[in-house]
Amino acid sequence: DTAVSQTPKYLVTQMGNDKSIKCEQNLGHDTMYWYKQDSKKFLKIMFSYNNKELIINETVPNRFSPKSPDKAHLNLHINSLELGDSAVYFCASSQGGGGYNEQFFGPGTRLTVL
Amino acid sequence: AQTVTQSQPEMSVQEAETVTLSCTYDTSESDYYLFWYKQPPSRQMILVIRQEAYKQQNATENRFSVNFQKAAKSFSLKISDSQLGDAAMYFCAYRRAGSYQLTFGKGTKLSVIP
Numbered sequence: 001d002t003a004v005s006q007t008p009k010y011l012v013t014q015m016g017n018d019k020s021i022k023c024e025q026n027l028g029h030d031t032m033y034w035y036k037q038d039s040k041k042f043l044k045i046m047f048s049y050n051n052k053e054l055i056i057n058e059t060v061p062n063r064f065s066p067k068s069p070d071k072a073h074l075n076l077h078i079n080s081l082e083l084g085d086s087a088v089y090f091c092a093s094s095q096g097g098g099g100y101n102e103q104f105f106g107p108g109t110r111l112t113v114l
Numbered sequence: 115a116q117t118v119t120q121s122q123p124e125m126s127v128q129e130a131e132t133v134t135l136s137c138t139y140d141t142s143e144s145d146y147y148l149f150w151y152k153q154p155p156s157r158q159m160i161l162v163i164r165q166e167a168y169k170q171q172n173a174t175e176n177r178f179s180v181n182f183q184k185a186a187k188s189f190s191l192k193i194s195d196s197q198l199g200d201a202a203m204y205f206c207a208y209r210r211a212g213s214y215q216l217t218f219g220k221g222t223k224l225s226v227i228p
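Protein chains in written order, with this note's numbering: chain A, 1 to 114; chain B, 115 to 228.
Think of the hints as simulated: they come from the structure by calculation, not from any bench.
Careful: at least some of the hints might be erroneous.
Keeping only pairs whose Cα atoms sit at most 30 Å apart, straight-line, the calculated DSS-like set for lysine-lysine is [claimed, not checked]: (1) K44(A) with K169(B); (2) K40(A) with K67(A); (3) K41(A) with K223(B); (4) K184(B) with K41(A); (5) K192(B) with K41(A); (6) K192(B) with K19(A); (7) K67(A) with K192(B); (8) K223(B) with K44(A); (9) K36(A) with K192(B); (10) K44(A) with K187(B); (11) K169(B) with K40(A); (12) K40(A) with K192(B).
All chains should be built: construct the whole structure from the sequences, respecting the hints.
Given below as structure tokens:
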């Protein structure tokens, strides 16, 4: 069983479209994250939810909106896609977050905006 | 703001030899946690090893060990008896105690030469 799963794994779309990436974890964790990895492999936090409450909201365009329907799911919706949104997006989860806890990552979603 | 610096964009090592990857970080905190993550070509982020700043003893996980120098703010990763499967991007990461946020370095691409 996959601990943190993301769908889809690949997403190719046109500029201006709206798309969503779904994330689910079956580890029973209470904290979930979205990261963006750019073409130079730099990994940066975008959002984090703890018990469905937004706790990290980094400086990202408001075209990006996370939604957490429950503790096991954290989806990322992107409006009006732009070329610069092309990247790999990773979902992660952890039990709590403020210490030694390991973050478990999903396999990533490669988004290509044409 | 905390920063994590990995000064070696790329490194290579002969199979069965030892290699050390460098990481330095900048923080004014005294309580924090440090991590090394591995990202093979499959894209999956995997935790390799972690260290609590208040522990002086260096962490070890099988062939992986760290050299943690708190005063120098240095956290290097040593891989012994390198194997072909160790070829990957390696990311150093920092988390302040009580924070949910992981700050990553830009990564070091490690190649293993048979």
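Hint check results:
no.: 1; hint: K44(A) with K169(B); result: holds (27 Å)
no.: 2; hint: K40(A) with K67(A); result: holds (27 Å)
no.: 3; hint: K41(A) with K223(B); result: holds (10 Å)
no.: 4; hint: K184(B) with K41(A); result: holds (27 Å)
no.: 5; hint: K192(B) with K41(A); result: holds (22 Å)
no.: 6; hint: K192(B) with K19(A); result: violated (41 Å)
no.: 7; hint: K67(A) with K192(B); result: violated (40 Å)
no.: 8; hint: K223(B) with K44(A); result: holds (18 Å)
no.: 9; hint: K36(A) with K192(B); result: holds (27 Å)
no.: 10; hint: K44(A) with K187(B); result: holds (21 Å)
no.: 11; hint: K169(B) with K40(A); result: violated (33 Å)
no.: 12; hint: K40(A) with K192(B); result: holds (24 Å)
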